[in-house]
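From first to last, the protein sequence lines are chains L, D and P. Under our numbering, the first residue of the first sequence carries the number 1, and numbering increases by one thereafter. Under our numbering, the first residue of the second sequence carries the number 1001, and numbering increases by one thereafter. Under our numbering, the first residue of the third sequence carries the number 2001, and numbering increases by one thereafter.
Worth flagging that the hints you see were computed from the coordinates, not collected in a lab. For clarity, every value in this text was computed on a predicted model and none was experimentally measured. Wrong hints could be hidden among the right ones.
Claimed, not checked - No farther apart than 20 Å at their CA atoms in a straight line, the calculated lysine to aspartate or glutamate pairs in the EDC-like style are these: (1) D/K1335 to D/E1379; (2) D/K1022 to D/D1249; (3) D/K1039 to P/E2077; (4) P/K2004 to L/D7; (5) D/K1335 to D/E1352; (6) D/K1039 to D/E1105; (7) P/K2004 to L/D120; (8) D/K1039 to D/D1247; (9) P/K2004 to P/D2069; (10) D/K1018 to P/E2077; (11) D/K1022 to P/E2095; (12) D/K1039 to D/D1189; (13) D/K1272 to D/E1217; (14) D/K1272 to D/E1379; (15) L/K83 to P/E2095; (16) D/K1022 to P/E2077; (17) L/K191 to L/D120; (18) D/K1039 to P/D2030; (19) D/K1384 to D/D1189.
The lines below spell out each chain.
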Amino acid sequence: MKAAVFDYSRAESLDEVLAILSDAGGEARIIAGGQSLVAMMAMRLARPEILIDINHVEALAGIGTTSAVVTIRACTRQAAAEKSVVIAADIPLLAAALPHVGHIQTRNRGTIGGSLAHGDPTAEILLTAMALRAEVVLASTHGIRNLQIADFGLGPMQTAAADDECLTEIRFPIPPLGLSIGTVVDEISPKAGDYAVVGVAVEVGLDDAGICRHLRLAASGASPVPVSANPVEAALLGSTLGSADVAGAARLLDPLLDPESDVQASAAYRRRVAVGMLARAIELARDRALDRSQNQTKGDLT
Amino acid sequence: MTELSMTGPSNRRFVSVKRRPKEDGRFISGSGRFVGDIKRPGMLHIALVTSPYPAARILSIETGAALALPGVVAILDGAALAAVSNPLANAVHTPGVRCYSLANEVVRYVGEWVVAVVAETRTLAEDAAELIEIDYEALPFVVDAEEALDPTAPPVHAAHGSNVLYHRTFTWGPVAEDFASQPNQLSFDLRWGRSAPIPVETFGVVAEWDAGAEILEVWASIQMPSYGEQISGALGIPFNQVRAHYDVDVGGSYGVKRGIKHTVLAGFLARKLGRAVRLVEDRLENMVGGDMHGPDREFRVAVAFDDQGLVRSMKLRVREDVGGHTGRAPFQLGKPVSAIVGAYQINSVEYEAIAVSTNKTGQTAVRGFGMSPTNVAIETAIDKWRVNWGCRGWWCASVISSARISSLSDPQRFGI
Amino acid sequence: MSRKISLTVNGAALEAVVEPRLTLVDFLRDQAGLTGTHVGCEHGVCGACSVLFDGAPIRSCLMFAVQADGHAMTTVEGLRDEDGSLGVLQDSFWETHALQCGYCTPGMLIAAEGCCRAIQIRPMRRSARRSPVISAAVPAMFRLSKRSVSPRPAGVSNR
Ligand code: FES
């Protein structure tokens, strides 16, 4: 398991990255954390001619925020995002997802953008981005384009990024103010840190009366790319997320799914588990949101 | 019986005294010496080309491009190896079954080693391995042991004449009479699926031929006593010309690390090339065609009990799926013979052992050398018997354990 | 195509010429001669190859040595105290026999070392506390502050 020959180029600027990509005519690959790419190269499943190392491009790392959006630059380490107070406060769903990503040691190298660009259909960052309807920014020597995450992830290990494009940032919308937010990222996997067989991400926002005013849902592992569960969201917005309502609405996920059987689990199992896990996660997120609002009220009174 | 005095631990030097294991010092400081740490001057590295087919005839092997690569020293195929070495021993009489380190004429399972490439580095050897072109003619295959028993099934070792490598029935005591006289009987089927104990360190070996002393020096991830003997047998050199260095640390084994085919290959090449040769499996080689599969058995168990609930007689039929490489597997069925009644006192036993070839990865010895599946069969019989007799609910466990105790061998029989 | 790299390993500056496809673990073992770090899976699953990279634990089989140019690494050989005696974690692993065959132990030590460094800035997460590896290291972490090490029995070398 030794990689095939390649040439290595450590880029210092985004322009340099884009220039090499454009010259290489599809034979170059970007390496960020390399936590999936290097393993694939070791098995010679990936054999780029040129490896462009973006780990020293300062403009590609860091986390920024406006009132509506948190922007994470592509080469931001997962471990850095996990420790970020901005992400903990403003993208709580991503904060909940990150501990599920690989292991501490892979998160120390792995990046937010690298995980998305790799396009693993059960990756938790992609799942979160789908739930939150994040936006990605792609740059090339021709310019910049913004894509909705649903238009970016095309299938297993397939993204809309062209050969000469570099994913530069991901924009996550901040949940609306004034609501009490509860989040859950849950998955089943053979062991902790392993790829998820099925995963769900849920973000619930309740108003003071306990009515759901904000709901973001996605499921992975039962379709070629994670799906955002729009019909389920629509059915539950405006309700108090009672158990019966949640169980009924979660079934609306079913028609969106297109699972395949593999050595880990059958298609039927994936389908059933995705629906069941989604319902359970919505209820847990609701309870967390209620807990938060009660604590908030107590805080206000004292 | 000598009386044991129960004194405090203070007057003991070893027992019950908190001590630091002596060997840990080198492991916690990073100064262990595993096979991957062994370096010999001028050492060469092997990479393997493996079969993508469960059964196929090898039509041609094209090595020109690989040999032309700088740093590539030699390329060896199964025909060349078979011409000058003996088949690997499997400890059971299996006429016509000839397994070598490299597939000769036909491949019998996915991952079987077909060609060995020797180069100055492992990376170069892998580069060259990619350039080797092998033409195969796919053959019918069988991966189910029951199907393999059918005389019309594709033959895994054609020269053997059948897929049955071993079939023998052992009988101890009056089995037929005991079954006839006991109305309380129970029978069931039980499957022990293949297990794959995977040590964190794969198997590895470094071999070097000392031409002056005419000794094959071997450093390997091994602790098996008969290792040197099997190597010398396959290479056709006297046993006293193989020196295995048993002081190499072993990064886990669980019994699977036998490494015979690895060592015969590396040893042969080391002698032929006059240089040290290293073969350390990578994880792909290890998990597909290395030594890492365990027993794969189907049991039919019948037990006869007397009115006290004591097991009087037992019949065990076991069918082992050996896979395509005979390795150690057929012989593993023999191990339970020495402990066929487990811890119990059973009047009579019949044990029918059948080892069958299929087009799957071969097996090797795993933990207790094949005994565990038999223990499971015996213990399951005891459990099932009690449950069948209406023993359910919370008190079931205690009844089962008392059934076990009452069936256990009487210590006095052993003079205790 | 080979490149010159300069890096710091266990506090010592190193220069080397490497092919881009040489992984960091192969570099450390074969070129830097530090065979304490082991290879188990070569694809980032087992953790045997863990080293500290700029102070944080990573899998050295999932990096190329060229990428380490200008960075600092610590391997198991670098876990000793300045005076050359065993580090507290190493000593605790020994005292509690926190290993079986010892092959992955350098990776376990690096993981535990990384954990110790991390908890100095924030409390340990629950999942970390449940891990058997960490449970072996927990007494060591307490002792990191106290430095009270029980005496080694005579006749056992501190190699
Ligand atoms: S060798 Fe297994 S994680 Fe690197």
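For each hint, the structure was consulted:
| no. | hint | result |
| --- | --- | --- |
| 1 | D/K1335 to D/E1379 | holds (17 Å) |
| 2 | D/K1022 to D/D1249 | holds (14 Å) |
| 3 | D/K1039 to P/E2077 | holds (19 Å) |
| 4 | P/K2004 to L/D7 | holds (14 Å) |
| 5 | D/K1335 to D/E1352 | holds (13 Å) |
| 6 | D/K1039 to D/E1105 | violated (34 Å) |
| 7 | P/K2004 to L/D120 | violated (34 Å) |
| 8 | D/K1039 to D/D1247 | holds (15 Å) |
| 9 | P/K2004 to P/D2069 | holds (8 Å) |
| 10 | D/K1018 to P/E2077 | violated (27 Å) |
| 11 | D/K1022 to P/E2095 | holds (10 Å) |
| 12 | D/K1039 to D/D1189 | violated (51 Å) |
| 13 | D/K1272 to D/E1217 | holds (14 Å) |
| 14 | D/K1272 to D/E1379 | violated (52 Å) |
| 15 | L/K83 to P/E2095 | violated (34 Å) |
| 16 | D/K1022 to P/E2077 | holds (19 Å) |
| 17 | L/K191 to L/D120 | holds (17 Å) |
| 18 | D/K1039 to P/D2030 | holds (9 Å) |
| 19 | D/K1384 to D/D1189 | holds (11 Å) |
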